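Protein chains in written order, with numbering that gives the first Met the number 0: chain A, 0 to 335; chain B, 0 to 391.
Accuracy of the hints is not assured; some may be wrong.
Claimed, not checked - If the Cβ cut is set under 8 Å, some of the chain B residues that face chain A in the computed set are:
(1) Lys1
(2) Ala34
(3) Asn35
(4) Gln281
(5) Ala284
(6) Glu285
(7) Arg291
(8) Ala312
(9) Arg373
(10) Ala377
(11) Leu383
As the list claims (entries may be wrong) - Restraint ranges, calculated between C-beta atoms of paired labels, are given here:
(12) A:Glu158 x B:Glu329: 23 to 33 Å
(13) A:Asp145 x B:His53: 53 to 63 Å
(14) B:Glu329 x A:Asp145: 41 to 51 Å
(15) A:Gln7 x B:Asp137: 15 to 25 Å
(16) A:Glu333 x B:Leu71: 29 to 39 Å
(17) B:Asp149 x A:Ala232: 36 to 46 Å
(18) A:Arg42 x B:Pro61: 38 to 48 Å
(19) A:Ala232 x B:Ala210: 45 to 55 Å
(20) B:Asp333 x A:Trp298: 51 to 61 Å
Please keep in mind that the hints were generated in silico from the structure rather than gathered at the bench.
From a predicted model like this one, the values you see are computed outputs, not experimental measurements.
Here a beta-carbon is modelled for each residue, glycine too, at the ideal position from N, C-alpha and C.
Below, each chain spelled out in residue letters.
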Amino acid sequence: MAFALDEQQQMIAETASAFFAENAASERTRAAMAHGIDRDLWRAYCRELGFGGLMVPEDLGGAGLGHVELAVVAEEAGRTLAAIPLLGHAMATAALLASEDRAAIAMHLPAMMAGDRVVAAGERGGEGMLVPHGSQCDLLLLLGEDGADLIDAGAATVEPMKSLDETRPLARVHASAGDPLPGGTEPCEAARAAGVLCLAAEALGGAQEALDRTIAFAKEREQFGRAVGSFQAYKHRLADRAVEIEQARSAVWWAACALDEGHETGALALHAAKSFCADTYLRVAGDMIQLHGGIGFTWEHDAHLFFKRARAIANMLGDGPHHRERVARIMLDEAA
Amino acid sequence: MKLGFSDMEEAFRRECASWFEDQMSGEFADIRGIANLVDKPERRKAWERRLAEHRYSCIGWPIAWGGRDATLNEQVIFAEEYARAGAPNRLNHMGVELLGPTLLALGSSEQKARFLPAIAEGTAIWCQGYSEPGAGSDLAAIRTRARRDDGEWVIEGQKIWTSLAQFADMIFVLARTEDGTSGREGLSFLLVDLDQPGIEIRPIRQINGEAEFNEVFFDGARCPVENMVGAEGEGWTVSTTLLSFERGISTLGQQMQFRNELDAVIAAARRNGKTADPVFRQRLAEAEIGLRLMRYGALRMLADGKGGALAGAALTYKIQWASWRRALGELAMDVLGQEGEIAPADAEGWPLLTNLYLYSRADTIYGGTNQIQRNLIAERGLGLPREPRGNA
C-alpha cells in the first residue's frame with residue numbers, strides 16, 4: 000500500500016498543470032466569460048492533451064484510466080478556473096459507460112471524446128432545473144430518482160441566466176423525458192459519483208491556488224515596515240487554511256481510490272469529500288479577499304473568480320448539510 | 000495509489016489481532032481499555048515485559064536489537080490492532096518510539112549495547128526531560144546546567160511537565176553544557192538514571208485530578224560522560240532528530256483510540272435520543288469525517304516516508320488531531336448534558352467521556368501548542384517570513 004500518486008499519475012498531474020497554466024491564464028478565462036465556455040480550450044484538452052477519453056476503456060478508444068486520474072486532472076483545472084465543461088463530460092462519460100448501452104455509446108462517446116459534443120448535467124426536480132453550462136451544451140444529461148436520460152439540447156427549453164460563476168454559468172432548463180439510459184439507477188449513481196469527485200477535486204485545486212496566491216502577496220506586500228505575512232494574525236489564518244487543504248487532499252484521494260477499488264467506504268468518502276472540500280474552498284476564497292485588503296475586492300483581481308466558483312461548487316450536487324446528513328446515516332447504520 | 004493492504008500484511012494483522020485478544024481477554028484483562036496513563040503501573044510494566052517476550056515491544060527496530068525489522072505497513076497494522084484490542088497506552092512509549100530510534104541513528108555502539116536491550120526487554124522505562132518552567136514553547140531557553148566533574152556530568156536545574164517520570168527508570172535530558180551560551184547553542188543530550196539522591200520527582204495534579212506529569216529537580220545529579228548522545232554542544236540537533244520520530248507510526252494506533260472515543264460519543268447520543276437531532280447529526284458527521292481524514296492524512300504522511308523533510312501532511316498533523324479531539328470532547332459533553340458532569344461519589348477517576356473533555360485540553364498544548372504549530376506551518380510549510388524575535 001502506498002497512499003501517494005504513482006509515477007504515471009504524477010506525470011498526468013504535471014502534464015495537466017502545464018497545459019492549464021499555459022492555456023487557461025486569467026486573461027483567457029476572463030475572455031471566455033463572455034460566452035460562458037472556452038470551446039477551443041476544451042477541444043485542445045480533449046485532442047492535444049488526449050484527455051477527452053480519460054476514463055473511457057482502451058477498446059473504446061480511450062485512455063482507460065480511473066477516478067484517481069480524473070481527480071488529478073480536475074484539481075489542475077480547478078486551479079486555473081478554466082472555463083471548460085469537464086464536470087458534465089465526466090458525469091456523462093460515467094453514465095454512458097455504466098449503462099452499457101452500445102448504441103448510445105456509439106452515438107455520443109466519439110464526438111464527446113473529440114471535444115465536439117459538449118454535455119451538461121442537471122438534476123431533475125421542481126420547476127425547471129438550473130444546469131451549469133446548460134446554454135452552452137449540445138447534449139443534456141438529466142438525473143432523476145429512477146434513472147438518467149440524455150436529451151438533445153435543442154429539444155429542451157433553455158433560458159440562460161446571469162450567473163455568479165461566469166466560467167460555468169447556469170441556465171434554467173425545462174425538458175420532458177428524453178432517451179432513458181438502460182441500467183436502472185446505475186448510470187445515475189456513476190454520474191453522481193464522478194460529478195461529486197470532480198467538484199471536490201476542483202475545489203481542492205481552487206483552494207490551493209487561492210492559498211498560494213495569497214501567500215505570494217503576503218510575502219511582497221509591506222505595511223508597518225514589514226511583510227504583512229510576518230504578522231501572526233495573518234499567518235495563523237493562512238496556516239489554518241493550509242491544514243484544511245491538506246485534509247481536503249486526503250479526502251479527494253480517499254474518495255478517488257475507494258471508487259477505483261470498489262472499497263466499502265466509497266459512498267462515505269464521496270459525501271465527506273464533497274462537503275469538506277467545498278467548505279474548505281469557501282473559507283480559503285473568502286480569506287483570499289480579506290487578506291488582500293481593498294485590491295481583493297476589485298473586479299480586476301482574480302479573488303472574486305475563486306470566491307464565486309467556490310460558492311457554485313458548494314451548491315452543486317448537494318450542499319454541505321446534505322452530504323453530512325448522508326454521512327450521519329451511514330455512520331449510524333440507518334437505511335439510506 | 001492504493002488503499003488496501005496485501006494478503007501477507009492482512010495475515011500479519013490477523014496474527015497480531017489474535018495474540019492481543021488472547022492477552023487482553025486473559026492474563027491482562029485487568030488493564031484492558033485503561034484510558035489514562037497512570038493506573039496500575041506495575042501491571043503495565045509486566046505488560047511491557049510480556050510484549051518483549053513475544054518480540055512485540057519494538058517491532059520496527061532491527062532484529063539484532065530485539066525488533067522484527069517490520070516494514071512501515073506492518074508497523075501501521077500492529078499499531079492499529081494494538082489499539083483496537085484495547086491494550087493500554089505504552090508505559091515505555093518514550094523509550095521505544097523516541098529514544099530507541101534516536102540511539103539507533105545517533106548513538107555510539109557502546110550506548111546502543113548499554114541502553115537498547117533494556118528498552119526492548121521492557122525493563123527500563125524512559126521519560127523525556129525537555130520543558131522547564133522558563134522554557135516551554137521557547138524550548139531553547141533551557142537553563143538546566145551540566146558541568147564535567149571527574150568523568151561525570153553533574154546536573155543542576157529543573158524540568159517540568161515530565162510525563163510518567165514517577166514510573167520511569169531513566170530520563171533523557173537536554174542541558175546547557177557550555178557557560179555563556181544561549182538558545183540552541185551549547186546544549187547537550189544526556190542519559191540519566193533517575194534512581195539517585197540528586198533527583199527529586201514531584202507529581203503535578205492536572206485538571207482531571209490525575210497526576211501524569213511531574214516536576215523533576217536535579218540537585219547535583221550525576222551521569223557518566225559517556226552517557227552523552229552526539230557531540231558536546233550538539234544536543235539541539237539530537238533532540239530535533241528525536242522529535243522527527245514523534246510523528247511516527249504510533250499516530251495510526253492513536254487513531255484507533257480516537258475511534259473508540261467517537262464510538263462512545265455515538266453510543267451516548269443513541270441512548271439519549273440526540274441522534275434524531277439534525278444539529279447533533281451534523282456534528283457527529285463532522286467528527287466522523289475528521290477522523291477518517293486523519294487516517295488518510297497519516298497514510299499519506301507515511302507514504303511520503305522521509306522523516307526529515309516535513310511534507311505538508313506531516314507538518315499539519317499535530318494541530319489537526321489535537322483540534323479534532325478537543326472538539327470531540329466538547330461534542331461529548333453537549334451530547335451528555337448534565338449527566339456528563341457527574342460520577343458516583345466513590346469513583347476514583349472520571350468516566351471516559353468526561354475525562355476526554357478535560358484531558359483533550361492538554362492535547363492542544365503539549366508537543367507544541369496550536370499557536371506554535373501555526374507558526375511552524377506558516378514559516379516552514381508556507382515559507383512566510385518569521386515573526387521578528389527578541390534577542391535569544
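Check: Out of the numbered hints, which ones does the structure contradict?
Finding: Going through the list in order, the structure violates hints 2, 3, 12, 15, 17, 18, 19, 20 and respects the others.
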